[in-house]
Amino acid sequence: GAVVSQHPSRVICKSGTSVKIECRSLDFQATTMFWYRQFPKQSLMLMATSNEGSKATYEQGVEKDKFLINHASLTLSTLTVTSAHPEDSSFYICSAWDSAPNEQFFGPGTRLTVL
Amino acid sequence: GNSVTQMEGPVTLSEEAFLTINCTYTATGYPSLFWYVQYPGEGLQLLLKATKADDKGSNKGFEATYRKETTSFHLEKGSVQVSDSAVYFCALRGGGADGLTFGKGTHLIIQP
Numbered sequence: 005g006a007v008v009s010q011h012p013s014r015v016i017c018k019s020g021t022s023v024k025i026e027c028r029s030l031d032f033q034a035t036t037m038f039w040y041r042q043f044p045k046q047s048l049m050l051m052a053t054s055n056e057g058s059k060a061t062y063e064q065g066v067e068k069d070k071f072l073i074n075h076a077s078l079t080l081s082t083l084t085v086t087s088a089h090p091e092d093s094s095f096y097i098c099s100a101w102d103s104a105p106n107e108q109f110f111g112p113g114t115r116l117t118v119l
Numbered sequence: 003g004n005s006v007t008q009m010e011g012p013v014t015l016s017e018e019a020f021l022t023i024n025c026t027y028t029a030t031g032y033p034s035l036f037w038y039v040q041y042p043g044e045g046l047q048l049l050l051k052a053t054k055a056d057d058k059g060s061n062k063g064f065e066a067t068y069r070k071e072t073t074s075f076h077l078e079k080g081s082v083q084v085s086d087s088a089v090y091f092c093a094l095r096g097g098g099a100d101g102l103t104f105g106k107g108t109h110l111i112i113q114p
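First to last, the protein sequences are chains U and R. Sequence positions in the first sequence follow our numbering and run 5 to 119. Sequence positions in the second sequence follow our numbering and run 3 to 114.
It is worth saying that the hints were derived from the structure and are not from the lab.
Listed below are the simulated DMTMM-like cross-link pairs for lysine to aspartate or glutamate, each with C-alpha atoms no more than 20 Å apart in a straight line: (1) K59(U) to D100(R); (2) K106(R) to E63(U); (3) K51(R) to D102(U); (4) K45(U) to E10(R); (5) K45(U) to D86(R); (6) K62(R) to E18(R); (7) K62(R) to E107(U); (8) K58(R) to E107(U); (9) K68(U) to D100(R); (10) K51(R) to E107(U); (11) K54(R) to E107(U).
Some chain R residues near chain U, calculated using beta-carbon distances under 7 Å: (12) G45; (13) L46; (14) A99; (15) G101; (16) F104; (17) K106; (18) G107.
Glycine included, C-beta positions come from ideal geometry on N, C-alpha and C.
Let the sequences and hints guide you as you build the complete structure.
Pasting the structure below:
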């Protein structure tokens with residue numbers, strides 16, 4: 005299947021700083037990528053849909069100014085957690101939609117810890 | 003809105019036992035249904051899917067049938083192995099490029 009990478013895999017930062025997470029589709033072009041958040045022992049929650057060349061669509065309750073999404077190319081979407089606080093600590097997972105098999109492929113996730 | 007409910011875990015079975023993980027959903031229209039598996043330390047992988055009523059998805063000995071009348075997509079396997087130990091997520095998708103709605107996940111533990 006198609007491969008999606010995320011970088012970094014793990015990041016620890018101080019409260020008040022910003023953190024950028026990259027999501028790349030390595031062997032296909034993805035006009036649409038998705039960002040999810042997973043709390044310990046809980047499900048993945050869709051945060052936003054990222055469309056190449058346009059503004060992201062955020063799910064209800066997700067602050068767009070807090071979680072900045074940029075999808076500048078067909079193989080890269082970035083999520084920036086601005087002014088991070090301890091409650092932002094979580095596992096962030098991206099997926100990329102491949103239209104050919106009409107399937108989403110998931111990245112391995114990024115563990116964010118805010119001190 | 004859409005929602006997915008699956009049985010809480012952990013589910014602990016002996017090797018070669020029969021497995022059922024229940025999943026029911028609420029959705030408008032005709033969603034596609036999925037089972038994803040997450041092995042320890044790895045990302046989510048698609049296990050199987052079904053895109054319309056009465057479709058049966060199957061892979062690696064696992065099966066699930068899209069039942070519209072009961073809004074269910076239960077996962078089954080006739081004989082589990084230790085290597086099947088993982089977290090299993092049931093999910094639905096409304097349209098082709100829509101995000102997924104996930105259940106809470108079921109942690110499956112297979113003992114030798």
